[in-house]
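Asks: Now for the letters of each chain:
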Amino acid sequence: MSYALTEEQQLIQQSAREFTREYIEPIATEMDRTGIHPSAVVQQMAEHDFLGLYLPEEFGGTEAGYLSYVLIIEEISRMSGAVASILINHASLAAYTMYRFGSAVQKQECLPALCSGEKLAAFALTEPGAAPGVGSHKVIATKEGDHYVLNGHKCYVANGGVADIYVVFALTNPEAGAKGMSAFIVDAKAAGLSIQRTIGKMGLRGCQSAELIFENVMVPQSNLLGAAGAGMKIVKEAQLVASVAEGAQVVGIAQAAMEDAVKYGKQRVQFGRPIAAFPAIQTMLAEMATHIHIARLAVYDAASLIEKGEDFMKEAAMVKLFTGRIGQSALIDVIQIEGGYGYSQEMIASRFYRDIKGAVITESSAAFPEKVIADDLLA
Amino acid sequence: MPRILVCYKWVLDEQDIKINPGDLSLDSSKAKYKISDYDKNAIEEAMLLVESKEGSVDALTFGSDKVKQSLKDVLSRGPGKVDWIGDTAFEQADAFVTANVLAAAIRKNGSYDLILCGEGSSDSYSQQVAPRLAAILSIPAITFVQKISIDGSRIIATRKLGDCTEVVEVAGPAVLSVLPEINKPRIPSLKQVMAAAKKPSQEVKLADLQLGAEELQPKTITLSVKGYVMNRKNILYKEANQADNVAKLVASLAQEGMC
Amino acid sequence: MADMTLTHEQQKLQALAREFTAKHIIPVASEWDEKGEFHKFILEEVKNIGLHCMAVPKEYGGPGCDSVSQSVVMEQFGYGCCAFATTLGGNGLSSYPLAIAGTDEQKQLYYGRLVAGGMGGFALTEPGAGSDAGSCATTAKLDGDKWVLNGTKCFATTCGVANIMVVFASTDPSKGVKGLSAFIVEKERDGFSVGAVEHKMGIRSSNTVELLLKNVRIPKNHLLGNEGEGMKIAMKTLDMARPIVASMAVGVAQRALDAAVAFAKAYLDVNGKPIGMQQAVSFKLADMAIQVEAARQLVRNALRLKDAGVPYTKEAAIAKTFATDTAMQVSADAVGLMGNYGYSKDSFVEKLMRDAKVTQIYEGTNQVQRIVIAGQLLR
Ligand SMILES: Cc1cc2nc3c(=O)[nH]c(=O)nc-3n(C[C@H](O)[C@H](O)[C@@H](O)COP(=O)(O)OP(=O)(O)OC[C@H]3O[C@@H](n4cnc5c(N)ncnc54)[C@H](O)[C@@H]3O)c2cc1C
Ligand SMILES: Cc1cc2nc3c(=O)[nH]c(=O)nc-3n(C[C@H](O)[C@H](O)[C@H](O)COP(=O)(O)OP(=O)(O)OC[C@H]3O[C@@H](n4cnc5c(N)ncnc54)[C@H](O)[C@@H]3O)c2cc1C
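Chains as they are written, first to last, in this note's numbering: chain A, 1 to 379; chain F, 380 to 638; chain E, 639 to 1017.
You may find that some hints are simply not true.
Claimed, not checked - Not everything, but these chain A residues come out facing chain E in the computed CB check (under 8 Å):
(1) A4
(2) L5
(3) Y156
(4) F271
(5) I335
(6) G340
(7) Q345
Unchecked claim - In silico SDA-like pairs for lysine to any residue, Cα to Cα no more than 25 Å straight-line:
(8) K983/E x G200/A
(9) K397/F x E433/F
(10) K952/E x A280/A
(11) K266/A x G814/E
(12) K661/E x V753/E
(13) K397/F x Y607/F
(14) K612/F x S773/E
(15) K409/F x G200/A
(16) K627/F x A904/E
Everything labelled a hint here was simulated from the structure, so no lab data went into it.
By construction, the Cβ of each residue, glycine as well, lies at the ideal position given by its N, Cα and C atoms.
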């Protein structure tokens, strides 16, 4: 790795590595089995200043920069994609949105608690419109005096049910479609907001997903994030910022999986030699190593742009597009290299296989990477 | 309000060192550096002592020109200041030379109530630097320490000796070398990492320490450093009957004098 | 919709299998996957319609289905649940050595048990002998008029519940591959026991176990073919079985495609339009369909060659590789397209993605298929 990391960044990376070994490694397998939110780990992350690490000091952050932040995500992901997801949803999606689009008052009110770990945040965007027969559950926000009243369902909300504060997207003008969407800060304890259920997932188990129900939830107008109707713009930017962190998550998982495959390939003997001696295996390893390397450079580059406050949309989308492809194929190959044994639930590769898919999902068409890149090229 | 000094060594991470299968030479080309493991315990112990008592912790290291890379790392673990000596003399230094250099730096730069070392370094583990340092400074040395408390100018330490413990008390200043079980070093938080950049570090030139040539002349010369490998005999017993295989295995172990 | 390229008989069988799948497999597949227990009761149901031992010839009381018919049924079962299809596929696989090398007496015994409702198993793989099946350490020694078997087999599908099995053992370890022989072993033989059960990432309700053979004595006439013909029999068996695995894989891929299409029609974007109207989505669906259809036709092609009695080794290996790669790709694409919903246990596509991976591994990894294909090309 020749990407020039500063001394601080290297130390932060080292810290995160020690942290992961100390606090995450002992619980990662069990957490995958039970799917239970690791609140002790989150508390430890707070104490080590991971939760607000790229946010400015004036809001309780550490101001270590976005590149340092993705370095931490990468390290954590080498052991647990789920813990990385908890952090990404908190820091890149929810906290970022408040930081970038919140008013001075909103930032002063919300961010310090998110940085200190007193509160965990979540980003509530997806609606369960897809489940057959469920119909539309769009969350609608109706203005009443100095309040908005929210009604509807949100689904697959990561950190849902364990978060203390939600960034919720709702239609303030349903007729206008995308242009009528707005973002709100909603307290988890708000009357009328309840958790319908938690939702099982293929992987990233431990990063709890839940379905939220809004029944006449009163949200003060002062909790509107940005302008009314700015929702889609906010979603796009927040998701692209998160894409870079998810790219680091993919890189971390794939790197750890590759190292596992290398180790296995050197030990497993068939036809009188280690399978790693077969060109077919070497080709798979060489390709994934190349992909991971390039992906990492792209992630660091996009993170640097974010850190410097430069335009990062296209580069972030490229990270999403590229890591989406290579992460998936790396894990398909890792299991292939480990053969029948790799397919066993007891092998770490099978967890990485399930986890990496969650890291590469694109949820919103607003941040559809091909579209973002093409729009930039054609502008 | 004790003033504490911690000596730490900046060593190659042994996990990264590979042994070349041919001549058994060590390949450290891909090895990264780290603070020697027991020294992290020493640093942590110093921090714990001042946390309950106030006081200050400084760090001191002697190394090659690479030792500069260690400054932010050590400062992120708590000490308020670090003095460092980076010199090529380090490459040949043995415990004798190391202790001479450290002692000279300590004399030059200040007085301490307590000097902490790790029990041995992660790389050479000669366990000599701490006692030698004490001898040169003419102060007491306490080794194999697994517990420390400070009461005014008195230092009370529990030493681990084989199957018993010994509690000793000295009037400071003194040099103590600590065992890994004394504590569990904390992982620095990111705020500590960021704050490290703002803490002072001071280079001490070896030339300014006024050591005589003889004091820099190692007593021990390292002739070679080699890895050792366990060779497998690669014998496979392939009899159809397992009992035959076992019999052959036992016979060959007996032949090697193993049973 | 009937497939007009099939004969009338085959169409009828396809309709029967489709109905069975809809009625008995699909409703319970997820539940059994979650539990990871053997789906015994589906097996009981399939016996009622006589599709549990399709490969057994009519003269031995079986349905004597031709290869295309078997494939058509297995595609439907794969559509419903890859684990269940694996159980039935394994049953068929275990009976092929009889068709290749069995005497009339041996067929009476083996087929008789299958027709009566017993399950068959095929135990070739060992801890040290996966792709390199020839390096088998299980031994068979003649003692009077009995063979005595000793060793450990692993990854043996259904063998924890099977009634009768084909087990491979070396009759002459000094000859390596040429010392390998095939035997019929009934489960009630003394010294036969089932070891550890494999906990897998996918096809979780298929039974995969270790077999322990300790001085298992079987009659002399339980040797299939001649001593030393084991490898030849195994290879011919796998030739026959590969298009069947490929058929299951086509079923998995078709299910993923259907799920993605249904989702694309039902899921509305923020503007209230089905996402299938976006070209980015509709072209993806088209790509998936191209692969699924190509895979299906490759399978049919290999089987028609087989039923015509001409060499089909290369075509079978090509079909297995392409169809299983398709199952992998299309199931992963479906999860991606369906986003968080696809990744959750609310949908079943995440199961398809876990199941699909094994098809690239068992019955010869896709690297081994390339060895076979290249071997044919370079002869
Ligand atoms: C395999 C091997 C075996 C050896 N055996 C012997 C032997 O038996 N007898 C012998 O006389 N020599 C021996 N040596 C050589 C020599 O003692 C050491 O290499 C020498 O440099 C002492 O340092 P150490 O790292 O062993 O220190 P140690 O005495 O093990 O270190 C103890 C503590 O002293 C402090 N310290 C050590 N070095 C520094 C530093 N540079 N800066 C700041 N603090 C420091 C740290 O707190 C450290 O934890 C051996 C060397 C090798 C490689
Ligand atoms: C769920 C499940 C069910 C199974 N059911 C059965 C069953 O019923 N009966 C049975 O006998 N077996 C069964 N198997 C075993 C299966 O056939 C083996 O897993 C498979 O043959 C691969 O062997 P392996 O897992 O030991 O991988 P290995 O052979 O160790 O292969 C590891 C990797 O090396 C590659 N490789 C190996 N040799 C070469 C080479 N020469 N050139 C290039 N690449 C190479 C492989 O492709 C693979 O990627 C089952 C396996 C599973 C997972």
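Asks: All hints are to be evaluated individually against the structure, with a verdict given for each.
Replies: Going through the hints against the structure:
With a least beta-carbon distance of about 34 Å to chain E, the hint placing A4/A at the interface is violated under the 8 Å criterion. The interface hint given for L5/A is violated, since its Cβ lies 32 Å from the closest Cβ of chain E, which is over the 8 Å cut-off. Look at Y156/A: its Cβ gets to within about 4 Å of chain E, closer than 8 Å, so that hint holds up. Satisfaction of the interface hint for F271/A is found here, the shortest Cβ-Cβ separation to chain E being roughly 5 Å, below the 8 Å cut-off.
With 8 Å as the threshold, the beta carbon of I335/A comes within range of chain E, its nearest partner Cβ sitting at about 6 Å, so the hint holds. Restraint check, G340/A versus chain E: the minimum CB separation of about 5 Å is within 8 Å; hint holds. Restraint check, Q345/A versus chain E: the minimum CB separation of about 4 Å is within 8 Å; hint holds. This hinted pair checks out: K983/E and G200/A have alpha carbons roughly 5 Å apart, not beyond 25 Å.
A threshold of 25 Å between alpha carbons decides the hint, and for K397/F with E433/F the separation of about 44 Å lies outside it, so the pair is violated. Using a Cα cut-off of 25 Å, the hinted pair K952/E and A280/A holds, with the two alpha carbons roughly 19 Å apart. For the hint linking K266/A to G814/E, the alpha-carbon distance of about 23 Å falls within 25 Å, and the restraint holds. As the CA atoms of K661/E and V753/E are separated by approximately 23 Å, the hinted pair is consistent with the 25 Å bound.
About 11 Å separates the Cα atoms of K397/F and Y607/F, which keeps this hinted pair within 25 Å; it holds. Under the criterion of a C-alpha separation no larger than 25 Å, the hint pairing K612/F with S773/E is consistent with the structure, at around 21 Å. In summary, the hint linking K409/F to G200/A is not supported, as the alpha carbons are separated by about 43 Å, beyond the 25 Å threshold. With a C-alpha separation of about 70 Å, the suggested pairing of K627/F with A904/E is violated against the 25 Å cut-off.
The structure does not agree with the numbered hints 1, 2, 9, 15, 16 stated previously, though it agrees with the rest.
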